[in-house]
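Work out the full structure: start from the sequences and follow the hints.
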Amino acid sequence: MHLEYTPEQQAFRAEVRAWMEAHVPKEPLVTLECREGYDQHVEWERTLASGNWGMVTWPEAYGGRGLDLIQWLIFEEEYFRAGGPNRANQNGIFLLGPTIMEFGTEEQKARFLPPMARGEVIWAQAWSEPGAGSDMAAIQSKAVRDGDHYVITGQKTWSSRAAFADWGFGIFRTDPDSKRHKGLTFILFDLNSPGITRRPIRQLHGDTGFAELFFDEVRVPVENCLAGEGEGWNVAMATAGFERGLMLRSPGRFQATAKRLVELYRAHEAEASPAAREAVVQAWMQAQAYAWNTYAVAAKIMAGGKIGAEASLNKIFWSELDRAMHRTAMQILGAHAELKRFGNGQINQWLEGYIFSLSGPIYAGSNEVQRNIIAERLLGLPRAGAG
Amino acid sequence: MDFRFTDDQLTLAESVRDYLAGTHGPEVLRRLDSEGNRDPAIWQGLVDMGLTGLLVPEEHSGLGLGLVEAALIATECGRACLAEPLVDTAFVAVPWLVRRGEVAELGAIAAGTRKVALPHVLNPWVADGADEFPGQPLQSVDPLRNLVMFPASGSADPHLLDLGALMSAAQLVGLAEAMLHQATEYAKVRTQFGQPVGAFQGLKHQLASCAVAVEFAKPALWYAAGTLECMSSNTSVHVSHAKVMATDAAIQTAETAIQVHGAMGYTYEVDLHFWMKRAWALAGSWGDRACHLKRIDQAVIGGTLPIGPEHTFA
Numbered sequence: 007m008h009l010e011y012t013p014e015q016q017a018f019r020a021e022v023r024a025w026m027e028a029h030v031p032k033e034p035l036v037t038l039e040c041r042e043g044y045d046q047h048v049e050w051e052r053t054l055a056s057g058n059w060g061m062v063t064w065p066e067a068y069g070g071r072g073l074d075l076i077q078w079l080i081f082e083e084e085y086f087r088a089g090g091p092n093r094a095n096q097n098g099i100f101l102l103g104p105t106i107m108e109f110g111t112e113e114q115k116a117r118f119l120p121p122m123a124r125g126e127v128i129w130a131q132a133w134s135e136p137g138a139g140s141d142m143a144a145i146q147s148k149a150v151r152d153g154d155h156y157v158i159t160g161q162k163t164w165s166s167r168a169a170f171a172d173w174g175f176g177i178f179r180t181d182p183d184s185k186r187h188k189g190l191t192f193i194l195f196d197l198n199s200p201g202i203t204r205r206p207i208r209q210l211h212g213d214t215g216f217a218e219l220f221f222d223e224v225r226v227p228v229e230n231c232l233a234g235e236g237e238g239w240n241v242a243m244a245t246a247g248f249e250r251g252l253m254l255r256s257p258g259r260f261q262a263t264a265k266r267l268v269e270l271y272r273a274h275e276a277e278a279s280p281a282a283r284e285a286v287v288q289a290w291m292q293a294q295a296y297a298w299n300t301y302a303v304a305a306k307i308m309a310g311g312k313i314g315a316e317a318s319l320n321k322i323f324w325s326e327l328d329r330a331m332h333r334t335a336m337q338i339l340g341a342h343a344e345l346k347r348f349g350n351g352q353i354n355q356w357l358e359g360y361i362f363s364l365s366g367p368i369y370a371g372s373n374e375v376q377r378n379i380i381a382e383r384l385l386g387l388p389r390a391g392a393g
Numbered sequence: 014m015d016f017r018f019t020d021d022q023l024t025l026a027e028s029v030r031d032y033l034a035g036t037h038g039p040e041v042l043r044r045l046d047s048e049g050n051r052d053p054a055i056w057q058g059l060v061d062m063g064l065t066g067l068l069v070p071e072e073h074s075g076l077g078l079g080l081v082e083a084a085l086i087a088t089e090c091g092r093a094c095l096a097e098p099l100v101d102t103a104f105v106a107v108p109w110l111v112r113r114g115e116v117a118e119l120g121a122i123a124a125g126t127r128k129v130a131l132p133h134v135l136n137p138w139v140a141d142g143a144d145e146f147p148g149q150p151l152q153s154v155d156p157l158r159n160l161v162m163f164p165a166s167g168s169a170d171p172h173l174l175d176l177g178a179l180m181s182a183a184q185l186v187g188l189a190e191a192m193l194h195q196a197t198e199y200a201k202v203r204t205q206f207g208q209p210v211g212a213f214q215g216l217k218h219q220l221a222s223c224a225v226a227v228e229f230a231k232p233a234l235w236y237a238a239g240t241l242e243c244m245s246s247n248t249s250v251h252v253s254h255a256k257v258m259a260t261d262a263a264i265q266t267a268e269t270a271i272q273v274h275g276a277m278g279y280t281y282e283v284d285l286h287f288w289m290k291r292a293w294a295l296a297g298s299w300g301d302r303a304c305h306l307k308r309i310d311q312a313v314i315g316g317t318l319p320i321g322p323e324h325t326f327a
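Chains as they are written, first to last, in our numbering: chain P, 7 to 393; chain W, 14 to 327.
It cannot be assumed that every hint is accurate.
Said to hold, decoys possible - Selected chain W positions facing chain P (in silico; Cβ < 8 Å):
#	residue
1	Thr36
2	Ala233
3	Thr317
4	Gly321
5	Thr325
6	Phe326
Said to hold, decoys possible - Coverage of chain P stretches by chain W, computed from C-beta distances (three or more under 8 Å per stretch; other residues unrestricted):
#	stretch
7	8 to 17
8	31 to 44
9	254 to 265
10	276 to 290
11	378 to 389
Source of the hints: derived by calculation from the structure; they are not laboratory data.
Note that the Cβ used here is the ideal one computed from N, Cα and C, for glycine as well.
What follows is the structure, given as structure tokens:
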């Protein structure tokens, strides 16, 4: 156990801090879930890319910096310290990028990764269908081989970023006679292809970040298939692992929220309840515990270890922490909690954050599914119906 | 920056775990409960492993190891529900005496011939302190805890409190892991409605929640051990942090484990109660939840501790 940063790590922190302080927008951006906010966030992706800060853990060959996980944690800490905006290209950075690196051909890596790193192409995910949410193996959307193309017909829903993004990725049934996990293929597609209709879905807050996608005989070249026909389930499971794993929600985000919550409490100390005070202390404790846990897991991975079903512990912890922190803020704000903008015109970020936090226990595999995974794969309890 | 244990540390903890698993099973707890709480042979086994001298400097015939190793082993003591006063003597009293330069008894402690129980003002009694404080014995809900009132006031030294709280937190983590294991194993074999009760989500999700609580109490414990070892400036906050999270994880797991065992869980027949009662006892020892929350509160809300993403290791 060595609890000091090296001089190189300290210098790296100083470098990130200086760049972030010079470049992070002074005013919070408009929410990513509307056209104006989306454009602002894409602009921010390009600013990040101009400093080569877009994909810091990616290899240099694909537009990254080739940083290790400790450097990544330092980067994230400084990113959230500076109040860096949400990442419009999160689906690309954390989900598709690592998936292409693991399963893609050299041609696919060269074609898709650098534009992703430069913020030129923003990606949407397309997993769920109306009948396939937590039960993703129930997917029905079809991709039928026709020469050197697949012809896609069907419907995807809850597609994050799909209202405005450029490209999408998802799994489709390429073998019409297949059942469940078999016969699925992972396909990348241009969201502006003929035959795709996007219907933005109005979310809880009234804005439209995700969308339904309707595919009506959409022709996609076979070279857009990742890892071979019929391999879709394995690829998707790896992608889902990235989503739940170490990188989707770095600790800096929650430590920054906990700090803002402490500041909010201090400003309302006179009228806040003792229960809110304890909840604020708990928020700090849990955000710190999450950070230390992430450092421990990062050190383990750097030493050649792997993160498996343990990722489900993380996903439950951060998503329920985020919801609790924002709920506490809403309680502290009292009557002001309902205001979209405060009297001084400032956006009520706690309200926006609270609404967003309610999605955390649902997306990236609902927390009920995560608890099943923990119970069955970590604790070894039998599956339902096992006699 | 490398927030990991060394292979040597992990090997040491594993050897203690294996030793206790092999020699100190539930049947030993039941025997102690019916025959008088302490067994010199168990103590001698711990002495023979060198554990009483773990933190005693080498020039006083000890192993000269540190609090991180001690915390790992205290976790194993919790896992085995060890009743012998190893943790209080070897992992609380020894480092306190060493730091104060009181070395006279260290050799005897390492050799296992001297047990030391230190009173602190926050603890109204002492466990296994009858030799030093011949006072009124008290009966704990934990049948294997030998409590005695101590006559004079104890120390108010915060370093002693930190050591006691850290080692209680470590034991609570071990207790929680053991109770989670016992409940899980029971849920695999108890069948109702034609299947193991552990196949039902109602149980699965409760046990999974305990696994989450324990998982995130551990890094708080490890960090507290690391900072107390090097006496960094904010170590008391980190110790309190570890104690609160370990206590909450242990109490949640104890209640869940009882529930998972159903009516059996409410009996003296099931071994679980030894672990649960130790958790209750340690939850209030060396500073209860309120005491430790207050120390964290003063640092975090009071502003004496730097907070935010760039202060992960403040």
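Earlier hints that do not hold, by number: Violated hints (numbers, rising): 1, 3 and 8; every other hint is consistent with the structure.
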